[in-house]
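For reference, the chains in residue letters:
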Amino acid sequence: MNKYIPQTEEEKLLKLKRIGLKNTSELFDGVKKSKIELANGINEQEVFSYINELSEINKKEIIFAGFGSYDHYIPAVVDKVSSIDSFLTTYTPYQAEISQGLLRVFFEYQSYIVHLTGLDVSNSSLYDVADAAVEACAISLSQKKGHASILLSGTVHPNIISCVKTWAQGLDCTVLISEVKNGKALIDKEVLPDDLALVLVQSPNVYGLIEDYTGLADIIHKRKSLFGIITDPMSLAIFRTPGEWGADISVGSTQSLGIPLSFGGPYCGFMSVKREFMRKIPGRIVGKTIDNQGRPCYVLTLQAREQHIKRERASSNICSNQALMALRNTVYLKYHGSSGLYNIADLCLKKSIYLAKELNKISGVTVPFINDLFWREFRVDFISKEIRDKVYSSLSKANICAGVKLSNLSLLVSVTEKRSEDEMSKYIDVVKRVLK
Amino acid sequence: MKNNLLRQSELSMKAFSEPELVRYFTELSYRVFGVSSGFYPLGSCTMKYNPAINEKVASLAGFTGIHPLQDIKKTQGSLRLMYELISSLCALTGMKDGTLAPCAGAQGEYTGLKIIRKARPERKVILVPDSAHGTNPASASVNGFKVVQVNSDLNGLVDLNDLKSKLNSDVAGLMLTNPNTLGLYEFNIEKISDLVHKNGALMYYDGANFNALIGQVKVSENGFDILHLNLHKTFSTPHGGGGPGSGPVLVVEDLVKYLPYRIIKKVTKNNKETYSVTTDKNSIGRISMFYGNFLVAVKAYAYILSMGLDGFKLVSETAVLNARYLQRKLSEKFFMPYKSPCMHEFVLSLDDLKEKTSVTALDFAKSLIDYKMYAPTIYFPLIVKEALMIEPTETENLDTLNNFCDLMFDLLDKSFTNSKELKEAPTLSDVGRIDEVKAVKEPILSVYDEGEKI
Ligand SMILES: Cc1ncc(COP(=O)(O)O)c(C=O)c1O
Chain H
27 MNKYIPQTEE EKLLKLKRIG LKNTSELFDG VKKSKIELAN GINEQEVFSY
77 INELSEINKK EIIFAGFGSY DHYIPAVVDK VSSIDSFLTT YTPYQAEISQ
127 GLLRVFFEYQ SYIVHLTGLD VSNSSLYDVA DAAVEACAIS LSQKKGHASI
177 LLSGTVHPNI ISCVKTWAQG LDCTVLISEV KNGKALIDKE VLPDDLALVL
227 VQSPNVYGLI EDYTGLADII HKRKSLFGII TDPMSLAIFR TPGEWGADIS
277 VGSTQSLGIP LSFGGPYCGF MSVKREFMRK IPGRIVGKTI DNQGRPCYVL
327 TLQAREQHIK RERASSNICS NQALMALRNT VYLKYHGSSG LYNIADLCLK
377 KSIYLAKELN KISGVTVPFI NDLFWREFRV DFISKEIRDK VYSSLSKANI
427 CAGVKLSNLS LLVSVTEKRS EDEMSKYIDV VKRVLK
Chain R
7 MKNNLLRQSE LSMKAFSEPE LVRYFTELSY RVFGVSSGFY PLGSCTMKYN
57 PAINEKVASL AGFTGIHPLQ DIKKTQGSLR LMYELISSLC ALTGMKDGTL
107 APCAGAQGEY TGLKIIRKAR PERKVILVPD SAHGTNPASA SVNGFKVVQV
157 NSDLNGLVDL NDLKSKLNSD VAGLMLTNPN TLGLYEFNIE KISDLVHKNG
207 ALMYYDGANF NALIGQVKVS ENGFDILHLN LHKTFSTPHG GGGPGSGPVL
257 VVEDLVKYLP YRIIKKVTKN NKETYSVTTD KNSIGRISMF YGNFLVAVKA
307 YAYILSMGLD GFKLVSETAV LNARYLQRKL SEKFFMPYKS PCMHEFVLSL
357 DDLKEKTSVT ALDFAKSLID YKMYAPTIYF PLIVKEALMI EPTETENLDT
407 LNNFCDLMFD LLDKSFTNSK ELKEAPTLSD VGRIDEVKAV KEPILSVYDE
457 GEKI
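Chains as they are written, first to last, in this note's numbering: chain H, 27 to 462; chain R, 7 to 460.
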């Protein structure tokens with residue numbers, strides 16, 4: 027018997043008989059079968075050793091790369107809870123009465139996102155930060171009649187910018203990219219187009235810099251346009267929140283909060299909005315209500331926005347989301363609480379400043395924004411591409427992933443709370459050696 | 007630090023000790039029903055058992071600890087796994103190449119439609135059957151296409167005459183799932199493809215229902231040009247409470263150049279194989295941050311290795327057999343709006359019952375969950391009134407199927423003798439029927455909406 031298909035030969039015959047067939051090939055009568063070339067199945071031990079072998083071909087390194095994927099420590103309890111079978115194997119809680127535990131988790135997740143971002147309403151997850159940014163653009167487009175423009179800051183993560191550009195193909199919409207000055211967004215109010223639907227900025231931005239949006243919300247709102255901020259929820263333990271900057275929408279990745287690197291996914295995108303956009307937000311939203319006996323309970327709500335009701339008039343096509351990742355975020359935040367989260371964010375701040383300063387001291391190495399405020403990530407420039415690449419490969423030989431190569435001369439380096447003094451010293455030593 | 011740049015409001019989130027946390031979440035987990043808890047015949051979602059080995063391999067440190075932007079020389083294991091997974095999916099569907107970037111079925115549709123737009127830039131219309139899943143028309147319209155509906159005929163299949171009348175030079179493609187959402191095989195599939203192709207349009211396959219065909223039919227031979235699969239359905243990766251899923255998109259040779267970032271290539275040099283990532287200049291561009299939901303791909307690949315071609319034949323065969331067995335038994339007392347033998351799922355209608363007893367599909371669903379099982383999908387597809395959509399999958403044994411039928415018959419009897427009981431269900435779950443209207447009218451969407459703190 028196949029281990030995943032509980033059926034004896036006898037049972038098969040019994041079922042066939044009941045439906046008046048002699049053999050299983052009659053189940054496909056009228057269906058033209060194909061010749062398929064695929065190996066037959068192997069046993070579990072063979073599966074394990076084969077895939078384990080693949081995992082061992084990957085080389086684990088000490089990670090100083092960030093760029094949308096950050097190597098934070100994840101408490102073991104996060105894995106423990108997220109592998110509880112009922113959480114893992116259930117689906118979207120359509121039958122709320124037997125899904126209360128999960129609905130409560132999403133309600134808490136929404137509460138955390140609301141609290142961290144300083145906005146009013148959160149959904150219960152989107153695919154990733156790029157998807158969340160695209161959905162923010164879609165909301166802004168739905169506020170406008172006819173052609174509209176969306177302005178992205180030039181300091182938004184380039185992968186997010188590409189996803190927005192892909193999305194805009196075929197839509198009545200122009201995507202503009204703002205200028206960048208000293209590593210930060212330069213939103214020039216003189217050149218804002220008349221049909222502006224959204225200004226979307228990012229802080230901490232792609233270079234890790236904290237941007238100052240003083241006065242920006244007013245300028246944007248005067249243009250009857252929306253103001254969106256891409257951010258990292260962990261950074262909001264320290265820095266001014268999207269709500270406090272006057273944003274209408276905030277999006278980002280929750281990967282920092284208990285989701286492993288995992289070669290880029292699954293991660294999770296969040297979105298929170300001001301209450302007036304509550305009915306515009308895409309995806310599943312959990313609400314609290316009462317049951318027929320007046321007991322408090324939770325349910326998927328405001329579903330009139332969604333594809334299964336609205337079909338081609340839905341504001342978004344999302345159906346499955348990243349629920350289990352939102353559960354991981356919830357466990358992570360409940361574990362750490364505010365002071366735990368603040369301490370981790372603060373360590374990221376201090377450690378990245380430390381490494382940036384040490385590297386900046388080395389002749390031939392410049393950290394261009396060293397005097398500015400940055401968090402967890404910073405740009406390092408070298409005199410030539412050759413030197414940059416040599417630094418990268420020398421660190422690589424020491425099993426250190428030096429960062430992410432940007433343009434020709436730069437590396438983007440990320441330091442999380444997880445990086446030890448030892449690891450940083452090793453990094454510094456190798457760079458010094460190469461530049462000697 | 008400039009004060010102005012710092013958080014102004016107090017951060018106030020309570021921390022819990024580990025024992026408190028574990029008790030708390032364990033208690034919550036008792037109030038969640040998963041595939042591991044019992045029968046989960048949620049039609050269109052293929053809630054099959056999720057093998058334990060999948061989780062084991064997806065938690066290997068050689069995968070979880072790898073950064074997506076490490077030097078490609080150091081991530082060869084991940085790239086190879088993705089390459090081999092895509093190759094296997096191509097072998098099963100007859101497609102040429104594909105991408106794992108889409109994070110779910112709907113994002114696969116979005117990607118596929120971007121490809122259609124690139125390939126047919128002048129055309130503005132996407133056809134979808136009236137029985138289609140909501141994501142199909144939604145994906146088409148968020149891509150800027152006009153959606154035109156194709157009607158089903160009396161047998162629940164695409165109405166060829168209606169299709170013909172809607173084909174014109176503005177039509178870019180037809181989105182179709184086969185078996186369709188009624189669980190019926192589109193026996194005219196080749197004729198449909200011919201008509202669509204002669205019109206210069208493309209055929210999109212929504213792979214949500216691929217469990218019925220896996221190991222039997224390469225859908226390329228039905229004439230499909232683009233498709234997405236749902237690794238969280240057909241390929242046994244768990245649904246995670248709503249996700250993460252994975253919705254790989256595969257295409258025929260002519261469309262390979264449009265695939266999104268990044269395409270994984272195998273290079274053989276001096277008998278040594280390496281894997282690299284490239285992009286074609288014709289690509290639609292990027293559709294997600296990195297490589298999609300990689301760990302979900304790992305689980306699906308473990309499943310493919312476990313099953314293989316012989317296993318997949320048994321999967322589709324048993325999935326169809328189980329559904330047809332249930333359909334046959336239930337058709338003795340329930341009204342089947344479409345009488346033809348089903349594939350992996352079927353839809354029955356309680357419209358007649360509602361007339362006679364006022365018992366609805368919702369009442370049935372709420373009654374079923376009182377018996378330690380999940381409910382079928384209800385009120386979908388939209389063309390069936392008071393629909394119950396039942397998909398048993400291949401991973402349920404005969405006892406479960408028989409018990410389900412007995413229960414359905416019991417509830418049917420009760421609808422006539424004691425409809426009040428169905429109207430009041432569920433009574434055994436920890437909450438009773440929920441006031442959804444209140445949830446919409448007075449939205450409480452976070453603890454702050456009720457003046458509390460987290
Ligand atoms: C027929 C059909 N198409 C598309 C989808 C969308 O898939 P996903 O939820 O993975 O986005 C579903 C999901 O239930 C479906 O049943």
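Hint data in this document are derived by calculation from the structure and do not stem from the laboratory.
Note that the coordinates shown come from a computational prediction; the quantities given were computed from them, not determined experimentally.
We treat Cβ as the ideally placed atom computed from N, Cα and C, and that holds for glycine.
It cannot be assumed that every hint is accurate.
Residues from chain H that face chain R, not an exhaustive set, calculated with beta carbons under 10 Å [stated by the list, open to error]:
no., residue
1, Gly46
2, Gln121
3, Ala122
4, Ile139
5, Ile187
6, Trp193
7, Met304
8, Ser341
9, Ile396
As a list, the in silico DSS-like pairs of lysine-lysine whose alpha-carbon atoms are at most 30 Å apart [unchecked claim]:
no., chain 1, residue 1, chain 2, residue 2
10, R, Lys271, H, Lys423
11, R, Lys80, R, Lys339
12, H, Lys170, H, Lys106
13, H, Lys300, R, Lys447
Some chain H residues well away from chain R (every beta-carbon gap over 12 Å; in silico) [as the list claims (entries may be wrong)]:
no., residue
14, Glu37
15, Lys41
16, Val57
17, Asn149
18, Lys171
19, Lys207
20, Pro219
21, Leu222
22, Ser451
23, Lys458
Quick rundown of the hints versus the structure:
1. Gly46: 8 Å, holds
2. Gln121: 5 Å, holds
3. Ala122: 5 Å, holds
4. Ile139: This hint holds: Ile139/H lies near chain R, its Cβ roughly 8 Å from the closest one there, short of 10 Å.
5. Ile187: It holds, given that the least Cβ distance between Ile187/H and chain R is near 9 Å, below 10 Å.
6. Trp193: 8 Å, holds
7. Met304: With Cβ-Cβ at 7 Å, under 10 Å, it holds.
8. Ser341: Ser341/H check passes; min Cβ-Cβ to chain R is 8 Å, inside 10 Å.
9. Ile396: Interface hint status for Ile396/H: violated (15 Å vs cutoff 10 Å).
10. Lys271/R x Lys423/H: 25 Å, holds
11. Lys80/R x Lys339/R: Violated: Lys80/R and Lys339/R sit about 61 Å apart, past 30 Å.
12. Lys170/H x Lys106/H: Since the Cα atoms of Lys170/H and Lys106/H sit roughly 46 Å apart, the hinted pair is violated (cutoff 30 Å).
13. Lys300/H x Lys447/R: 18 Å, holds
14. Glu37: 5 Å, violated
15. Lys41: 4 Å, violated
16. Val57: 6 Å, violated
17. Asn149: 9 Å, violated
18. Lys171: 15 Å, holds
19. Lys207: 17 Å, holds
20. Pro219: Since the minimum Cβ distance to chain R is about 20 Å, Pro219/H lies beyond 12 Å and the statement holds.
21. Leu222: 20 Å, holds
22. Ser451: It holds; Ser451/H is separated from chain R by about 21 Å at its closest Cβ, greater than 12 Å.
23. Lys458: 21 Å, holds
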